[in-house]
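A.B. asks: The primary structure of each chain is shown beneath.
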Amino acid sequence: MSFFEVTHLSLNLGEFHLKEVAFRLEKGDYLTIIGPTGSGKTLLLESIIGFWKPDAGKIFLDNREITDELPEKRNIGIVYQDYALLPHFTVFENIAYGLKKKTRTGITEKVHEISATLHIDHLLNRKPETMSGGEQQRTALARALIVEPKLLLMDEPLSALDPQTRKNIRSLLRQAISERNMTVIHITHDLDDVWSLANKVAIFQNGDLIQFDSQDEVLNRPRSQFVADFIGASLFKGRVVSNDSELTKIDLGGIQLYSVDEAPVGSHVNISIRPENILISKDISGCISARNVVQTLVKDIIRDGITCCVQLDASGIILDALITNNASDDLNLQPNDTVYAIIKGSNVRIVSAG
Amino acid sequence: MYKINWFKSVFIFLSYVITAMLVLAIGSLFLVPEFKDVLNNLKGEEMRFSLQLSLITGFISTLLVIVFALPIGYALSRFQFIGKGFVKTMIDLPIAFPELVLGLCLLLLFGKTFVGSICRSMGLDFVFTREGVVMAQFFTAMPYAARIIKSTFDYIDPRLEFVSRSLGYSALETFLNVSIRLAGNGILAATVISFARCIGTFGTVLILAGGTYMETEVLPITLYLNISYGNMGMALTSGIVLVIVSFIAIYIFEKTEARL
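Residue numbers (the working numbering), protein chains in the order written: chain A, 1 to 354; chain B, 1 to 260.
Some hints here could point you the wrong way.
[Said to hold, decoys possible] To be clear about the criterion: a stretch of chain A counts as covered by chain B if any three or more of its residues have a C-beta under 8 Å from a C-beta of chain B, and this derived list gives those stretches:
#1 88-100
#2 156-166
[Unchecked claim] Below 27 Å or equal to it, Euclidean Cα-Cα: the simulated DSSO-like pairs (lysine-lysine) are:
#3 A:Lys150 / A:Lys110
#4 A:Lys127 / B:Lys255
#5 A:Lys53 / B:Lys88
Hints were generated in silico from the structure; no laboratory data involved.
We put the CB at the ideal spot given by N, CA and C, even for glycine.
Here chain B stands alone, though its shape is the one from the complex (with noise of 0.2 Å):
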């Protein structure tokens, strides 16, 4: 007779209810709204700007995340020097902290602190700004990119830039030739990744960027305001416009991480 794995259909069991529950939860956003309310708030004014300017600050967040993270990740994975543990506690630090308080480290620090004086003598302001916007997402997204391209490098055998360097390639010729190609789906992966948590980044956006109507309004600001003022509609089609652009991060994601 058939005999019943407890230990395994206990473990699966559990896998499915939570997974039950998130696709409820998910699908209720869909479901709540007619589909031409949903059509019409994305027409909107107010959601236009909001969609614009999310994209426009996640793009640009999520350039200036690859460009620190890839050498942070490389010299991470890599190299020893002094204080490397301290370091790499600290860039991975916001992914523990509440963003409403990296928000407000970042407020002080762009506010009240000689970093926000020589920043407004440049001509950047962060405070309360669209600029503030992209730094809040940048220190948001900023540690999960660091994490992912060490790993990637951690997997990559360093004897492949050995073998490159004794060829006659300099260590930044063997990085774009060797390291860098090698990396390459855990960079995309990275990327996905980042722009996902630039697009949904609320609580250190609205502590530094505020969270200004038609100003320093992206997607999840929208949806608070609207939530705010009892517009259910608009702030369900700022949910649904989230879920999209996260369930498509994810979905590459899981699909380059198989590469990997």
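Here chain A stands alone, though its shape is the one from the complex (with noise of 0.2 Å):
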């Protein structure tokens, strides 16, 4: 058995819903959950700690069926993204709350320790409302933190916070959790916490789990077209032409691409690309060593931050590229202009072949 499992979970609270979810987790995993607003996501960590009562399926951690246990009981800390301080009580009240219970010694000690390494040592005789999100959220995280979990659940966060900020808190973050070897399960819409701080990843849409993999598959295999919207790839639809010892051929209509991965001569096929994996060169005179190299033209180019997606029409299919406005500049590309996209083999991922 798994450290934590959840099978056939299903709840229905009418405008929230949540349908057969299942996965696993093993000791030490970090999954982060991602999905629209409304697609169950919070309600799914609520049934977790025991806040709703599932109307079918089976939760158990660390060899223990919790499905009907109390959630003072189950030994599983949370984190909300507005932080949820008790705001009768100091910084130093708040983190030592669930100690207390636990324990009556060594709890000054416990304390001051957790606020050393979340930087809110300075702040313990503070009430939360004279603090800001940062510093509220580094008390949360230390609250959750100190009583140790068996299974931390946070939902959102990071989001409340500015970008600098939570950057520096996604840093210690992710060096608290790798210390103590902490399970977590960590809702955000944010991709920057799943590709920093996740090893598995969960999409749901609709009360649906819709994928749950590793964060590699994830980004590279998106098993629907929601998902590859969701995650920023690109999917497409193909054929498989042939298939030597090395390299599937897959036509995709106007162009056609060569992948690492196998699947059947004829077979039909789905591939995914991720953006920042398409380079665009505007001259090709020498020898190149990926396998994928099609003439397309700029449709449009979109600026975002320090990079910008560069959109490529190659005869009527459409492929985004990320890469850098120094880039950009450098190839001074223009709407309109000719140019190559050049994509390794194995950055071309078949998805689902049938």
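Make the complex out of the two chains shown on their own, each in a separate frame, by following the hints.
C.D. replies: Written out as structure tokens, the structure is:
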């Protein structure tokens, strides 16, 4: 049995619902859950912690079924987006609150230790309302971590913070979690959380768990258009036209691409290409190791921060390439320019073959 | 040129008119009697009895009201249960009920039904007794307290309680450590309003406990009995005491409401 397991969990609260959700985590796994608002993510967390009784299904933690256990008996911690700090307590009292229930000794030392780790040791006498969002979130995190829960649940813990604070707290979070080898389920809308914290990813849509895989699998092999759109990958339908010992050739209608993944000749496949894996060049005079070099037309250039998304039209098939603004400027890219899209065979991933 | 905002002006004018009328009405209660007559009346045996009984029954009733209103207000705010809508309507109903009708209903309940028989067999008789004063005050004030406390819990984020539970505290411990602590101002407001309602209850007390001279005579009954006898001095003194109690209650309520 896995360290944490949810089997066929269903719950209907009218507006929000979960349908037959099932997944497993091992000790130390960091799962991020992504999906649109209202897709049942928070409901899943609150079912796991025991605030909602599922209509069907079971929950197991550390070789014990906890489906019907009271929340206070489960040893599961929770951190909310808006911190949920007890306003009538100081920072010290908030952090010590859970610990006081477990032990009567060493409370002060432990509070000081964890608050030093999270850089809030100078705030212990303050009331939550007098602190910034980042400070409050670190307090909430300290309060959850200090009792060493078997499972830590986090509901968008970084989304109310400014980008720099989010980056800092993400780094502290990664350090604190890995030091304790803690198992975590973390709801987020920020893909940076997914790529920098998680080793497993779950995607929810309308109460359904539509993909649960390792971070690498989700990143490179989204199983549906919905997932591909959500994680920013491009998904194409194609047919395998040849398959030699090393490369599979896939016809996408207008263009043909090589992939290192295998699939039977004649089968219809979905292939996924991540935008950051497409290189752009105006000139291909030399020999190139990449197996796919496709002539395209620049359709549009959409700048976003330090990067830009270049939409390339390859005989009617639109490829999105993510490059830096510097690269775009060096290439002097303009709409309607003819450029080459260069993609390694290992970056053309066959998602499904049928 | 400055343009008059008629919409705003009319609304504020109406507020001033009604406030002025209330100030005049209440002020006349203080201006009509002589101050020394009021003092003499306060020292009288009947007034001392009435004031003492009002305070004692008011405190007991208020305590009972809060003891019941806390769990009722919390249940209505937090839990889903069968018949919740009906329970809420019934608890609120006495707010809209004429006090005399509520008193009549309680008189029938404790006088003519098995509930009254059971209570009497346990030594509790609520009909035309001082215990009846407490019961009448309790049912009159209860809906107000339950409403205020429910609204207070509605404003407290239930996730604060979720977090407390997740940190190992039971539902009762969480209720005591988190919910009640955060609802402090609301509970104080409910207590003050309940006390004012208890002290001022007339119709329900009159029907259930009877308006017996120096027996079940609380301040509103003193006012009523003395008006009936034509003793305006005593009636006005009771009125002044009731107004002062109400004023203090509303003042505390306004102060605590601002902090809710």
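A.B. asks: Hints first: check each against the structure and report whether it holds.
C.D. replies: Verification of the supplied hints:
With 3 residues having a Cβ less than 8 Å from any Cβ of chain B, the segment 88-100 of chain A passes the three-residue criterion, so the hint holds. With 0 residues having a beta carbon nearer than 8 Å to a beta carbon of chain B, the segment 156-166 of chain A misses the requirement of three or more and the stated coverage is violated. As the CA atoms of Lys150 (chain A) and Lys110 (chain A) are separated by approximately 18 Å, the hinted pair is consistent with the 27 Å bound. Restraint check for Lys127 (chain A) and Lys255 (chain B): satisfied, since their Cα atoms lie roughly 23 Å apart, inside the 27 Å limit.
Of the supplied pair hints, the one linking Lys53 (chain A) and Lys88 (chain B) holds, its CA atoms being roughly 25 Å apart against a limit of 27 Å.
In summary, the structure is inconsistent with hint 2 from the numbered list given earlier, while agreeing with all the others.
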